[in-house]
Amino acid sequence: MAFKEPKRQKERIELISMVDMIFILLVFFLVNNFVIKMPLQERSLYIPTPKNELGRAQIVIQFVENGQIFWMDESVSEFVNQLEESYGYLSEDRLRRKVLSELISRNIISPSELDTKLEALVTRANNDPYISYFILIRCPNDLPYHRIINIITKISDTNYRNVKYGCVGGTLEDIQNCKCISTVVERDTKGRRRKNIRIDF
Amino acid sequence: MFETELTKKKRFPIFRITGILFFAVALVFGYRAYLLYRLPFDQIQISTFGEREKLAIPPRPGVQGIVITGPRIQPLFFSIDLSRAGVRDLDWQQLRVIDPHTDVKISCQIDHRGRLLFSQRDVMMEGHTKAGMMIQQALKTWKYTPYKSGNIKFWFNLPSKGKKLIIDTSQLRRKSSIPEHIPVYDSQIHLIEGIKSSEIQIGGII
Numbered sequence: 179m180a181f182k183e184p185k186r187q188k189e190r191i192e193l194i195s196m197v198d199m200i201f202i203l204l205v206f207f208l209v210n211n212f213v214i215k216m217p218l219q220e221r222s223l224y225i226p227t228p229k230n231e232l233g234r235a236q237i238v239i240q241f242v243e244n245g246q247i248f249w250m251d252e253s254v255s256e257f258v259n260q261l262e263e264s265y266g267y268l269s270e271d272r273l274r275r276k277v278l279s280e281l282i283s284r285n286i287i288s289p290s291e292l293d294t295k296l297e298a299l300v301t302r303a304n305n306d307p308y309i310s311y312f313i314l315i316r317c318p319n320d321l322p323y324h325r326i327i328n329i330i331t332k333i334s335d336t337n338y339r340n341v342k343y344g345c346v347g348g349t350l351e352d353i354q355n356c357k358c359i360s361t362v363v364e365r366d367t368k369g370r371r372r373k374n375i376r377i378d379f
Numbered sequence: 068m069f070e071t072e073l074t075k076k077k078r079f080p081i082f083r084i085t086g087i088l089f090f091a092v093a094l095v096f097g098y099r100a101y102l103l104y105r106l107p108f109d110q111i112q113i114s115t116f117g118e119r120e121k122l123a124i125p126p127r128p129g130v131q132g133i134v135i136t137g138p139r140i141q142p143l144f145f146s147i148d149l150s151r152a153g154v155r156d157l158d159w160q161q162l163r164v165i166d167p168h169t170d171v172k173i174s175c176q177i178d179h180r181g182r183l184l185f186s187q188r189d190v191m192m193e194g195h196t197k198a199g200m201m202i203q204q205a206l207k208t209w210k211y212t213p214y215k216s217g218n219i220k221f222w223f224n225l226p227s228k229g230k231k232l233i234i235d236t237s238q239l240r241r242k243s244s245i246p247e248h249i250p251v252y253d254s255q256i257h258l259i260e261g262i263k264s265s266e267i268q269i270g271g272i273i
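Sequences listed follow chains L and Z, in order. Under my numbering, think of the first position of the first sequence as 179, with each following residue one higher. Under my numbering, think of the first position of the second sequence as 68, with each following residue one higher.
Extracted from the complex, chain Z is given alone in its bound form (with noise of 0.2 Å):
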């Protein structure tokens, strides 16, 4: 039986593939060929023995030196401490209500144990005696945490635009006996019900 023109047609694609497929290794081939050619002949081989005399003892972290972790260092928060008896808040709108010119300046003393001194010759309030005797009720009461101690002032301003309150801690100074390295933090210095927090200023100068 012969061959038909047709077999030989699809008999044909296949050949031209495997034909291809020679040209593209021996392509390969010779372009390896090529990059072999181009290297310098004591890199075509590895030496064994030579690399090997090369290789030093790695370094490794604890060989030189050490750090061992220690404990994590917590800030200290200066603050009213509500943990203590006898702890009274202000509130904001019945002071409103009782006189809402209110315009009381009182200046304080924090002592080493974190209470809050003030004598009737510290408070100006003229003109606004009502307001201002129940400011001091609750500022009697309040004490703070015993990581700062100095002066600290108050400035009770209802009528103002701006701040109402501001608090003058510039002369409050953290306890000698801290170490340097702990952080210490101001935070809840006083405790009035009802006040915004827009309404505070804490750290102006009075």
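Pulled out of the complex, with its shape left as it was, chain L reads as follows (with noise of 0.2 Å):
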């Protein structure tokens, strides 16, 4: 009796699961070969770095050691003019010192009126969605954090993201050891005159 002999099947190469591999590899080399290219400094590390600038705000928040808070806005242009203009016979170094002296002691508040003027603040951001301000808090390094924190809390739940801000280290003493503190006419990004405050450490 003739058996039947069973069917074998033919051993051969899977195809499609090498072409897949072969993709991957592929890839891996291509991409590896493009990584050699970069520079080494590109490489190493690469982290975009804010420039060595002067820091522009409309609002300045200086913390001060005491639990105060050390507030500069808009209208310290015009006061630091009416001192300039009231104390010119004065030499530099003695007016400097008179702009800064007035300016802090009529500056300085304390935590709940800043409250109350970062609420107005808000309000007003809140009402016009056309007015932007930037806020530049400075803070000493022994600072807790959470007093920052209230701050940003604040500031940043407007509705038109139109108050924006920066957290940068210095203390009360950089302002009053400034090397210079004046008002100075400058044109903003859209052309038109402003009188800013210019303060250099």
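Quick caveat, the hints were computed from the structure, so don't treat them as lab data. A quick note: this is a predicted structure, and the numbers were derived from the prediction, not measured. Careful, some of the hints might be misleading.
Claimed, not checked - Beta-carbon label-pair distances, calculated as ranges:
1) Phe312(L) with Tyr252(Z): 25 to 35 Å
2) Asp148(Z) with Arg325(L): 19 to 29 Å
3) Asn328(L) with Ser243(Z): 29 to 39 Å
4) Gly347(L) with Ile269(Z): 55 to 65 Å
Ideal placement from N, C-alpha and C gives every residue a C-beta, glycine not left out.
Make one complex out of these two single chains by using the hints.
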């Protein structure tokens, strides 16, 4: 009796899997090739660093060590200008010290006053989408973090996201010991003339 | 069962593609190895610790100085102050009807409050009395914003083929009490109804 021989499956390479694998290898080597071509600096570290320039802001909030805050907004420029005109006869250094002492004694506020000012600012920003504010927050290194967070929480929750902020380290002594404080007439990005306050540390 | 010639022919391109891909990969790999071989030894691997030591604290805006944006400087406009009582305009068409040959010169003074002052001696209106009186009546009511003061001259010359009204503002000076950084621009310095802008010259010397 003749038995029927079982059908033998022919052994062969699985082409589909192999093509997949080759493509993966191809992509890997191509990418690797481009990475090699990148300069060493780019491979080692690429962090966009800010330029070393003056901080421009409409409002400066400087934390003072005893829990108070030094607040400077656009009204400061008129005040400084008046002082410059009133005490113009003083020498440059004495005028600088006079302006700083008057400015600091006038603009030191308590945390509750800061809250009121920030609430007013946020209300203004919420009512008008076309105005925008940039607030520079300067804080000493040992300042408890929650104090900054309180401010950021208040100002970051505007309807039109038109209040922006930046934090930077610095103390009131930096301002007190600044090289120069003066009013300068400058043009803004839209070409409009503004009377700004410039403080160089 | 044997493979037919047709089946063999069908499978042949697949082997060919696979082979080409193998060669391509080998080429890329070879090129990569060549690039690596060309690199200096110290650049083949990046030293983690070495690079970290070189990192400097980046400068940040606001550390070396601050600029606090102040209020926008609003320019001042020297013009006839329409908000003040009694300001009347001069009807140009009526003036042409009354005396089409009007030739009147008036030299006026603007005082520190913006009032336009002149006397009969300052008016030259020989032969054109009616038109001169009409012009004077209107000009007496004109009041300006108090940003400039000094002499201002008006020359009404209707027969002229060129400018029929010349206003000389060369002797007007801005007030010294206005800070220098605030610009003062000339705006509407006459109040004449019905005159074409092409008929007026402002700034000419009379």
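Evaluated hints:
At about 30 Å, the CB distance of Phe312(L) to Tyr252(Z) agrees with the hint of 25 to 35 Å. For Asp148(Z) and Arg325(L), the hinted distance range of 19 to 29 Å is not satisfied, since their beta carbons lie about 52 Å from each other. Remark: the range hint 29 to 39 Å for Asn328(L) to Ser243(Z) is contradicted by a beta-carbon distance near 49 Å. Between Gly347(L) and Ile269(Z), the C-beta spacing of about 57 Å keeps the proposed range 55 to 65 Å intact.
Hint violations for this structure: numbers 2 and 3, all remaining hints satisfied.
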